[in-house]
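S.K.: Residue strings, one per chain:
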Amino acid sequence: MKKRGFHFYFRIYCKIMAQDIKSKMSYRADFIISTIGMIFTNIAGFISFWILFRNFPSIDGWTYYEMLFLYGFSLISLTPVQCLFDNNWSLRQNVYSGDFIKYCFRPINTFFYYQSEIFDIKGLGQLAFGIGTLIYAWCNIGLGFSALMLLKLLVFLITASLIMIALQNTAAATCFWIQNSFYVLDLANRFRDYAKYPITIFSPVFRFFFTFVFPIAFIAYYPSLVLLRPDDVPVLSWISPLFGIAFFWLSYKIWMHGASQYSGTGS
Amino acid sequence: MKLKKYLTLTRAGIIEALQFRLSFLVMVVGNLLYLIVVYFLWKAIYASAGTDVVNGMTFSDTLIYLVLATALFNFMEMYIVWEIGRNVQSGKIVLDLLKPIEYRKYLFWAYSGTFVTQFFLTFLPTFIAVAVVTNGAIPMGINLLYFVISVIMAVSINYSIDFIVGTICLYTESIWGINIMKQVIVLLLSGATIPIAFFPDTLKTIVSYLPFQSIYNAPLSILLDGEPKPQTVFTTLGIQLAWCIGMMLLSKLFWKTSLRQITVNGG
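Protein chains in written order, with this note's numbering: chain A, 1 to 267; chain B, 1 to 267.
Hints listed in this document are in silico derivations from the structure and should not be mistaken for laboratory results.
Misleading hints may appear alongside valid ones.
To be verified - Partial chain B-side listing against chain A, Cβ under 10 angstroms, derived:
| # | residue |
| --- | --- |
| 1 | Val26 |
| 2 | Val29 |
| 3 | Val184 |
| 4 | Thr193 |
Unchecked claim - Computed list of lysine to aspartate or glutamate pairs in EDC-like fashion (alpha-carbon distance at most 16 angstroms, straight line):
| # | chain 1 | residue 1 | chain 2 | residue 2 |
| --- | --- | --- | --- | --- |
| 5 | B | Lys256 | B | Glu102 |
| 6 | B | Lys43 | A | Asp86 |
| 7 | A | Lys22 | A | Asp99 |
| 8 | B | Lys182 | A | Asp30 |
| 9 | A | Lys24 | A | Asp99 |
| 10 | A | Lys15 | A | Asp99 |
Each residue gets a CB set at the ideal place from its N, CA and C atoms; glycine is no exception.
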């Protein structure tokens, strides 16, 4: 069999994505309302942030703009999981109803095919909001700008995204073993809200927990330190890209393991 | 004898909910982790503030307020909007409409079993946990009685709002977008994310004219008031009662007029 390169997968992805967008566009009202809903969510998040900092000038040595930086950073890093991996939310129903078996029979990587089926355009609004917030915070802190910083920003944004994707994959894959795994996914989803707070507010035990067991500290805190506190970057920040890749690989393996065990419902 | 048929639905709901024991475990763990995050976050916030009392609320007040707001949310959120939306899309709603019971009542009582289980499995443990963590900062007295009355009315108001939003689904065929908008607005304006005492004055005034603050802010401020003055308590409860009746009538009326226009595919 001819080896399938990146080009092959990319072409297939674009084709499936075009179909998905076409089908979404046929429910135009739903699309518009969902987009407005997404914008609402972001604005509400921003308002609660603003109210908080009207009352308190700083949190644990982090100023308003630095916290906004974390917030914008986490919003941007959530975009890939929102746009590209949103089908994880339907995995539970697919597994339960037996529809999942159709993905197992395709002559292509199951994980790839399953995830490529949905492209969630709503996430792009969040991306725009995140970039706006990040730039606003960036300018107000006066970080300056250089090509190296941009490179660092990109590398660490990808890292953060990988970790977020890994968390969601793992949470979604639990449905291969337990029924009603909605709560697991919902829990993982709720926790990404906490990613925007600096990890130093926690006691050592929970700092460890949120770094290695439930690695939300890598979604915004450790990567942001590289840019925000360049004089005092912990080793963990520098090696976080490795963690990102490792966690992603692990979640992929768990997901595929679950899929390979899937026996269908018989219908 | 009228109540008996409703309580049968409650019983069925309890039995159904108890089937998913694992999801309760996940939920309890999730709530516990949430408690930890909120605890450390606000501890850091209050440590940075330098004073013990901010906007008339101490650290324990804020902690109790926020944690119980989430517990109340978990206990009151019945995913009614999802249920109505899904039933409209699948056409199952036709069968429910044929039942010899008002749809609004049927849905409420069908979900009331979840209330009971959620109350004992999540609300009560959280209540006890937060009472222990704050060293009994929850005043135990006549306010508990007022709190219970207030929560019952809050459940009713919340249900009416959910039902109104669910009715909108008859027109839009969009579930996710409508639901997320409702959730964001309710959680922010009801004081569930940040206590209303922290809001700027203009926003506080606007919020006081809206029904949302009757859902979370009203019961929680009654609970935190150790020496309640009859006048304040009865004003709060009176406003709640007014919203309770107002929203109930509105949701009934809206449903009735909408039902004439409903088109259902298949069934």
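S.K.: Hinted pair, alpha-carbon criterion (16 angstroms max): A:Lys24, A:Asp99. Please report holds or violated.
M.R.: 20 angstroms, violated
S.K.: Taken at face value, is the distance from the CA of A:Asp30 to the CA of B:Lys182 at most 16 angstroms?
M.R.: Measuring from Cα to Cα gives roughly 15 angstroms; hence the hint holds.
S.K.: Does the structure keep B:Lys43 and A:Asp86 at a Cα separation of 16 angstroms or less?
M.R.: 35 angstroms, violated
S.K.: Could you check if B:Thr193 really has its C-beta closer than 10 angstroms to a C-beta on chain A?
M.R.: 5 angstroms, holds
S.K.: Taking 10 angstroms as the limit, does the beta-carbon of B:Val26 come near enough to a beta-carbon in chain A?
M.R.: At about 4 angstroms, which falls below the 10 angstroms cut-off, the nearest Cβ of chain A leaves the hint on B:Val26 intact, so it holds.
S.K.: Quick one, is the B:Val29 hint okay against chain A at 10 angstroms, beta carbons?
M.R.: 8 angstroms, holds
S.K.: Should the hint that B:Val184 touches chain A count as held when the rule is a Cβ pair under 10 angstroms?
M.R.: 4 angstroms, holds
S.K.: Checking one constraint from the list: CA of A:Lys15 to CA of A:Asp99, max 16 angstroms. Satisfied?
M.R.: 21 angstroms, violated
S.K.: Hint check: B:Lys256 vs B:Glu102, CA-CA at most 16 angstroms. Holds or violated?
M.R.: 11 angstroms, holds
S.K.: Would the pair A:Lys22 and A:Asp99 pass a check requiring their Cα atoms to be no farther apart than 16 angstroms?
M.R.: 22 angstroms, violated
When held up to the earlier numbered hints, the structure conflicts with 6, 7, 9, 10 and fits the remainder.
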